[in-house]
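Chemist: Top line first, the protein sequences correspond to chains A and B. So for the first sequence, this note's numbering puts the first residue at 1; every next one is plus one. So for the second sequence, this note's numbering puts the first residue at 1; every next one is plus one.
Check each hint, because a few of them may be wrong.
[To be verified] To give an idea of the interface, some chain A residues facing chain B are shown, with a C-beta separation under 8 angstroms as derived from the structure:
{"no.": "1", "residue": "Ala269"}
{"no.": "2", "residue": "Ala279"}
{"no.": "3", "residue": "Ala290"}
{"no.": "4", "residue": "Ala375"}
[What the hints assert, rightly or not] Rough simulated footprint, nothing fancy, chain A against chain B, three-plus residues with beta-carbon under 8 angstroms:
{"no.": "5", "segment": "191-202"}
{"no.": "6", "segment": "216-230"}
{"no.": "7", "segment": "254-261"}
Hints are computed from structural coordinates only; laboratory data are not their basis. In this text the structure is predicted, and so the values were computed from the model without any measurement. Cβ coordinates follow ideal geometry from the N, Cα and C atoms, glycine included.
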Amino acid sequence: MDIACRSDEESFRRELRGWLRDNRAYAPALGDRAKPALQAWSRRLFDGGYVGLTWPVEHGGHGFGVQHELILAEECDRAAVPEPPNVVGLHMAGPTLIGHGSSAQQRQHLLPILHGSQMFCLGFSESEAGSDLSSVRTRAVRIDGGYRISGTKLWSSYADLADYCLVLARTDPDAEQHRALSLLLVDMTAPDVEVTPIRQINGDEGFCQIRFDAVEVGDAGLVGAAGAGWPVAMSTLAHERITLAVTLVSRLGVQLDRLIATMKERGEATTPSLRRRLAQLCVDQRALEATAARTLTTIRATGRPGDESRILKLQWSRTHQDLTALAVDVLGIDALDLGHQAAAGWTSKLLRSRGSTIEGGTTEILQSVIAEQVAGLPKTR
Amino acid sequence: MTLTTDDSLTIQLTARDVLARSYPPDRVAALADGPRTPDPQAWSELEALGWFDPDLPPTAQVLLAEECGYHLTPQPWWSTMCVAALGRLRPGPAGVALRLADGLPAIAAPDVVATPGEPWVLSGAVDRVPDVDAVTSVLVEASSPTGPMLFCVDLSGRGVVKRSRPSLDPLRPVGEIVFTAAPAERLYSGVGTAAATAAVRSRGLLLLAAEAVGVAQRAYDIAREHACTRQQFGRPIGSYQAVAFRIADMYVDLELARSLTRAAAADGAPIGVSCALVAARRAAIGACEQTIQVLGGIGMTWEHPVHRWYRRALWIQAFGGSSDLHYERVAQHALG
Numbered sequence: 001m002d003i004a005c006r007s008d009e010e011s012f013r014r015e016l017r018g019w020l021r022d023n024r025a026y027a028p029a030l031g032d033r034a035k036p037a038l039q040a041w042s043r044r045l046f047d048g049g050y051v052g053l054t055w056p057v058e059h060g061g062h063g064f065g066v067q068h069e070l071i072l073a074e075e076c077d078r079a080a081v082p083e084p085p086n087v088v089g090l091h092m093a094g095p096t097l098i099g100h101g102s103s104a105q106q107r108q109h110l111l112p113i114l115h116g117s118q119m120f121c122l123g124f125s126e127s128e129a130g131s132d133l134s135s136v137r138t139r140a141v142r143i144d145g146g147y148r149i150s151g152t153k154l155w156s157s158y159a160d161l162a163d164y165c166l167v168l169a170r171t172d173p174d175a176e177q178h179r180a181l182s183l184l185l186v187d188m189t190a191p192d193v194e195v196t197p198i199r200q201i202n203g204d205e206g207f208c209q210i211r212f213d214a215v216e217v218g219d220a221g222l223v224g225a226a227g228a229g230w231p232v233a234m235s236t237l238a239h240e241r242i243t244l245a246v247t248l249v250s251r252l253g254v255q256l257d258r259l260i261a262t263m264k265e266r267g268e269a270t271t272p273s274l275r276r277r278l279a280q281l282c283v284d285q286r287a288l289e290a291t292a293a294r295t296l297t298t299i300r301a302t303g304r305p306g307d308e309s310r311i312l313k314l315q316w317s318r319t320h321q322d323l324t325a326l327a328v329d330v331l332g333i334d335a336l337d338l339g340h341q342a343a344a345g346w347t348s349k350l351l352r353s354r355g356s357t358i359e360g361g362t363t364e365i366l367q368s369v370i371a372e373q374v375a376g377l378p379k380t381r
Numbered sequence: 001m002t003l004t005t006d007d008s009l010t011i012q013l014t015a016r017d018v019l020a021r022s023y024p025p026d027r028v029a030a031l032a033d034g035p036r037t038p039d040p041q042a043w044s045e046l047e048a049l050g051w052f053d054p055d056l057p058p059t060a061q062v063l064l065a066e067e068c069g070y071h072l073t074p075q076p077w078w079s080t081m082c083v084a085a086l087g088r089l090r091p092g093p094a095g096v097a098l099r100l101a102d103g104l105p106a107i108a109a110p111d112v113v114a115t116p117g118e119p120w121v122l123s124g125a126v127d128r129v130p131d132v133d134a135v136t137s138v139l140v141e142a143s144s145p146t147g148p149m150l151f152c153v154d155l156s157g158r159g160v161v162k163r164s165r166p167s168l169d170p171l172r173p174v175g176e177i178v179f180t181a182a183p184a185e186r187l188y189s190g191v192g193t194a195a196a197t198a199a200v201r202s203r204g205l206l207l208l209a210a211e212a213v214g215v216a217q218r219a220y221d222i223a224r225e226h227a228c229t230r231q232q233f234g235r236p237i238g239s240y241q242a243v244a245f246r247i248a249d250m251y252v253d254l255e256l257a258r259s260l261t262r263a264a265a266a267d268g269a270p271i272g273v274s275c276a277l278v279a280a281r282r283a284a285i286g287a288c289e290q291t292i293q294v295l296g297g298i299g300m301t302w303e304h305p306v307h308r309w310y311r312r313a314l315w316i317q318a319f320g321g322s323s324d325l326h327y328e329r330v331a332q333h334a335l336g
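Isolated chain A, as found in the complex (with noise of 0.2 angstroms):
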């Protein structure tokens, strides 16, 4: 298919659909960790055409809308497979070194990433610094010719799987707080770099601590300049705010879907409360849908995303954790018994969803940034 025609949603989609029942059998099991497998779907996705969607042609990207990413998800999520295994280095590490990084930096990892080849994670949030970021205390020490990295990062998704870690580090501990901090590529294949899964309440292992004990790098593994890693940050993370965002809000359709689908096969569909329960679901669903397609409008028309967006996420968490929660009353009694499938799976969920309103900004942080940045309200405490 010719790229005017893979630039039209609907051929993309019908493409991708076809792409997928031919290519699912090589699919990793959801949940599956085990890396080579990851990278190898990882290659097939790309060679398939399905990689780097947003990111610029020059690049090695397809130069698509983001609307072509919510039909990646949307479309992985009803085949049941996993999406470009790659997230951090696609949607986050990717763009940042797009947008700051050196040539040489591109050349190095640019096309990795894509492949798959090269699987990073972020070294952002630690035990004293999570809201309140810019107060991280991992220490990037000068040496001759680069840097010596010692501290200890918390809630690193992938860091178990990675090769490289983007790491928000102190450079100079007697700048101003926002002109202290440095972004640097680090080597996690390095001895003196230390990953743990920790463990979540659902049972899955899916972040990490990462210990760094005078881990060296290079000059050339800085992004961006000495102490512009703050204003880099903050533009990685405003990168997903965004794109995972309205990539969320098209999966919570799917979900929907299949609570519809619990609720008959137990005969709950005629229940009054369980259906008055489903039918604000439907509302909030097509409430976000609606609200995503906005935002995606005003970003065609104005290159920025308007005000709206800022409800995105806080919302899509609110609204998850309630689809979640009915799943689970749904099943009544049957949710203690971990044997039941169905229950695994919804029960699951339901844990990891209470990390919905915490992870990528707290529910707390994002009405503080409504009430100063949207209602123009005085900063807040």
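Given the structure of chain A, go ahead and fit chain B onto it with the hints provided.
Modeler: Below, chain B alone, put in the same frame as chain A:
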């Protein structure tokens, strides 16, 4: 006609400009407290602005409806636009007698009987007609020897007695019309009647949803202005998160409702209208109630204008079928 983002913005800003000049909050309060008098000049102004243009798509109409809700325009534009959904408009404001039948609004009703003739005449009474005091014609469904039919009645004709009643929202009072062999123009009969009724209902509820978004927006603007200026304990009260977060949540609900309303206008499906209506009602009632809370004592006075918007939010909540009913439609659509 597909509206671009720029077109939409132009329509909305022009409307806002005109209404802000004509209907500042204190004028709205005075109009609400005083006797309701028709304002043909204001009506002509809206006509001149193209508000009754038959080519105006629903996506533009909802923007105008939002502004009407924001400013509480006393003109019966909404009820006229319900009738305009049929593509036929007479000069002057039109009303529609919408009443619940099987829980959802239908144009009333079997109580009004139509007798064939040159012209047809109607006898009976309809109640809960919005803007009955301000409209010059009304759309009525009547039962005839051959089934329900849709009529338009000129209220200045013979055999018509109108009775407006004191209303919760004085800017959109409801009242009764009694027909005694009143001449009527027949618009639809037979199978066309149900489709016409559905079109009027759908448009009416969509525009009410949009109006409710405008009401929510006004309450939100009142709240944040107050939170920035009112000081207690040495700081603006908006700097306390308990207050700030109420306002942030208002914003979330209002934007969700706005998204649903605009999507419903673009898409045209009745299920979208039900979703938009329940969300917009919740946003409007919630915003008004939270704004009264943020205002504190003054929010409880007649003098402060916020209750005017609260009354409009309550009107929209009460009219058009209960939210329970609309949620059940959504459940039906999803679950069967």
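Chemist: Now, for every hint given, state plainly whether the structure supports it.
Modeler: Results of checking the hints against the structure:
Here the hint on Ala269 (chain A) is kept, as its CB sits about 4 angstroms from the closest CB of chain B, short of 8 angstroms. For Ala279 (chain A), the interface hint holds, the least distance from its beta-carbon to any beta-carbon of chain B being 4 angstroms, beneath 8 angstroms. Interface restraint check: Ala290 (chain A) against chain B, minimum CB-CB distance 4 angstroms, threshold 8 angstroms, status holds. Against a cut-off of 8 angstroms between C-beta atoms, the interface hint on Ala375 (chain A) holds, since the closest Cβ of chain B lies about 5 angstroms away.
Coverage of the segment 191-202 of chain B by chain A is violated [criterion: at least 3 residues with CB-CB distance below 8 angstroms; count 0]. Counting residues of the segment 216-230 of chain B whose beta carbon lies closer than 8 angstroms to any beta carbon of chain A gives 4, which meets the minimum of three for the stated coverage. Proximity of the segment 254-261 of chain B to chain A, defined as three or more residues with a beta carbon under 8 angstroms from a beta carbon of that chain, is established by the 6 residues found.
Checked against the numbered hints above, the structure breaks only hint 5 and satisfies the rest.
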